[in-house]
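Enquirer: Sequence:
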Amino acid sequence: FRIKSGRPLDEANPVLDTDTEVPGGRARVAIIQENLSPEGLAFAFRRHRSRAWTLPLFIKRDFINPLGAGLLSFIVDGNRSVLFSGTRGAGKTSLLSASMLEILKKERIVTVEDTREIPIRQMKDLGFNIESMKSRSVITQVENELPAEEAIRTSLRLGDSALVIGEVRSDEAKTLYEAMRVGAVANFVGGTIHGESAYSVFDRVVNDLNVPKTSFKATDIIVSVNKIKSPDGLETYRRVTAITEVRKDWTDDPMEEDAFVDLMRYDSNEDMLVPTDTLKNGESEILNRIAENIREWKNDWEAVWGNIKLRERMKKEIVDKAEETDNDELLEAEFVVKANQKYHILAERVSEEYGQQDPERIFARWQEWLEHQV
Numbered sequence: 001f002r003i004k005s006g007r008p009l010d011e012a013n014p015v016l017d018t019d020t021e022v023p024g025g026r027a028r029v030a031i032i033q034e035n036l037s038p039e040g041l042a043f044a045f046r047r048h049r050s051r052a053w054t055l056p057l058f059i060k061r062d063f064i065n066p067l068g069a070g071l072l073s074f075i076v077d078g079n080r081s082v083l084f085s086g087t088r089g090a091g092k093t094s095l096l097s098a099s100m101l102e103i104l105k106k107e108r109i110v111t112v113e114d115t116r117e118i119p120i121r122q123m124k125d126l127g128f129n130i131e132s133m134k135s136r137s138v139i140t141q142v143e144n145e146l147p148a149e150e151a152i153r154t155s156l157r158l159g160d161s162a163l164v165i166g167e168v169r170s171d172e173a174k175t176l177y178e179a180m181r182v183g184a185v186a187n188f189v190g191g192t193i194h195g196e197s198a199y200s201v202f203d204r205v206v207n208d209l210n211v212p213k214t215s216f217k218a219t220d221i222i223v224s225v226n227k228i229k230s231p232d233g234l235e236t237y238r239r240v241t242a243i244t245e246v247r248k249d250w251t252d253d254p255m256e257e258d259a260f261v262d263l264m265r266y267d268s269n270e271d272m273l274v275p276t277d278t279l280k281n282g283e284s285e286i287l288n289r290i291a292e293n294i295r296e297w298k299n300d301w302e303a304v305w306g307n308i309k310l311r312e313r314m315k316k317e318i319v320d321k322a323e324e325t326d327n328d329e330l331l332e333a334e335f336v337v338k339a340n341q342k343y344h345i346l347a348e349r350v351s352e353e354y355g356q357q358d359p360e361r362i363f364a365r366w367q368e369w370l371e372h373q374v
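Numbering of the sequence shown is given in our numbering, commencing with residue 1 and proceeding in unit increments.
Simulated from the structure, these hints should not be mistaken for lab results.
Idealized CB from N, CA, C, for every residue including glycine.
Hints are supplied without guarantee of correctness; some may be wrong.
For each label pair, taking beta carbons as the anchor points, the in silico distance ranges come out as [as the list claims (entries may be wrong)]:
#1 Arg-51 <-> Ala-30: 44 to 54 Å
#2 Glu-131 <-> Lys-4: 20 to 30 Å
#3 Lys-342 <-> Lys-4: 34 to 44 Å
#4 Ser-200 <-> Lys-4: 32 to 42 Å
Please put together the full structure from these sequences, using the hints given.
Expert: Structure representation (structure tokens):
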């Protein structure tokens, strides 16, 4: 592992953090040696799925419901900045990776990670234009590796790109928010961060990582992911527990000034995300800001809501069709990306023919295509 990663593991550097290929997929590896571990070398392997996660796969596993997936797809397509927060092992990076598949192939993506967890190779095989940058580990601090903040600055010089940060946890946070505030990143920005809720993300970014409060306003959406225990405590389930927008009209404390507004919230009785009145009534500032950039949707919440519901129906249809035909390949990245691309083609075609994006016509044509594919 020391040779393969190019990172030290010795008395001066008793911790090695890297990634490797293992049977059945990839794994993140943490190693500690004698002077930190009195009983000798200790290894921890966190194995990732061999194939990329997708939103339909998560729907099948009840991690997120179809409406939540449709909303997330709409937000990513709308080039918003999204932080995926949660505890360790809750599924933050997996959900981030699944969300990246909602980005159009024509858009460039730059990723910055100190330990590679995003399925870069598979995304390249699927035709995505993606550039992976490996930054210095915050644990080992290897001198011949570029610090994450420098990697982010470098990524901004690579041209117009979506920017994905594997984990926001150190000095790179300031650089990231500086870039977002001045508009250097005009496309989707995504990253993961430890925190159980929107406020805990604010607390970590501002108080632990020393990002100015005003800079935090560059965050548009916080997706909270957590582990839910069964009543007997014997089983643990992963669930998306909230999709929260961060409003901009606050001065000191976004919680006190009602700047954190849930668009969807986890209902433990129903064991699913449910839309809030803010979402259903079209009162979301972030979603309406997305609509302002699209002529057909400006000042027309029904059109925006229709598109979100259309995405919900398509995600659900894929899952239903996979179950109906007993063909889980329909849930995998290869087919999901193809289905996403087909939606955009049909949406453009319907818009040209009828002068507007009619969700019913788009879905009917997309459903016909799906039946033909199956």
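Enquirer: Hint by hint, say whether it matches the structure.
Expert: Each hint, compared with the structure:
{"no.": "1", "hint": "Arg-51 <-> Ala-30: 44 to 54 Å", "in the structure": "violated, 24 Å"}
{"no.": "2", "hint": "Glu-131 <-> Lys-4: 20 to 30 Å", "in the structure": "holds, 22 Å"}
{"no.": "3", "hint": "Lys-342 <-> Lys-4: 34 to 44 Å", "in the structure": "holds, 40 Å"}
{"no.": "4", "hint": "Ser-200 <-> Lys-4: 32 to 42 Å", "in the structure": "holds, 35 Å"}
Consistency note: the structure conflicts with earlier hint 1 alone.
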